[in-house]
Amino acid sequence: SAVISQKPSRDICQRGTSLTIQCQVDSQVTMMFWYRQQPGQSLTLIATANQGSEATYESGFVIDKFPISRPNLTFSTLTVSNLSPEDSSIYLCSTWTGPNYGYTFGSGTRLTVV
Amino acid sequence: GQQVMQIPQYQHVQEGEDFTTYCNSSTTLSNIQWYKQRPGGHPVFLIQLVKSGEVKKQKRLTFQFGEAKKNSSLHITATQTTDVGTYFCAGRDSGGSYIPTFGRGTSLIVHP
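For the protein sequence lines, the chains are A and B, in the order given. First residue of the first sequence: 1, per the working numbering; consecutive thereafter. First residue of the second sequence: 115, per the working numbering; consecutive thereafter.
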């Protein structure tokens, strides 16, 4: 299975600013996925990131608000731009590691916007 | 689009009691996965079910996939305080996206 290092683990940001979240995988993976999890809620897919191409965004999420980079097969970043209190949430990156290990998740970034 | 419903949302049990969470999909699934998220943690993969009617066991946990491949359940026998957390199912639509849709999760609270 893969191991994903995600940082920062938490941050408190002022409204109107941006936060960039990084995920580093210990092996090369084709696709990485970014999720948002609001308190007590399920995981909502934001976008899928392939290396060398633009990310594919789910309905309700746009590139201007959630730009994603995927410069190589082991790394991805998600930026949450122009922050508002509604963006306060946990953000998780993930990758598929096969039927025996399922989706492996990073440890998550807890974002609070004040 | 595909919807995955999971019940109950919360379940309080006394330590030693059994626990079951149910997952229902609006569409036929190619597979279903189960994850556990401890409080303050991230989801951790438990198992994947693929075959109609499949039953798999992991110690005190029993996972079932329905015959029609539209529902699934996770049963924990004799709960322990270490079982506390939120259990998510994630179903992959057989006719749609390869990316699974997560249920809302069932939060298990075990009282010692």
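Please keep in mind that the hints were generated in silico from the structure rather than gathered at the bench. Predicted, not measured: the structure shown is a model, and the values here were computed from it. Hints are not guaranteed to be accurate.
As the list claims (entries may be wrong) - Looking from chain B toward chain A, a few residues come up when the C-beta cut is under 8 Å (computed):
1. F159
2. Q162
3. K165
4. F202
5. F216
6. G217
7. G219
From the three backbone atoms N, C-alpha and C, an ideal C-beta is built for every residue, glycine too.
Verification of the hints:
1. F159: Cβ of F159 of chain B sits 3 Å from chain A, so the hint holds.
2. Q162: At 5 Å from the nearest chain A Cβ, Q162 of chain B passes the 8 Å test, so the hint holds.
3. K165: 12 Å, violated
4. F202: 7 Å, holds
5. F216: With a closest approach of 5 Å, the F216 of chain B hint holds.
6. G217: Holds, because the Cβ-Cβ distance from G217 of chain B to chain A comes to roughly 6 Å (cut-off 8 Å).
7. G219: 6 Å, holds
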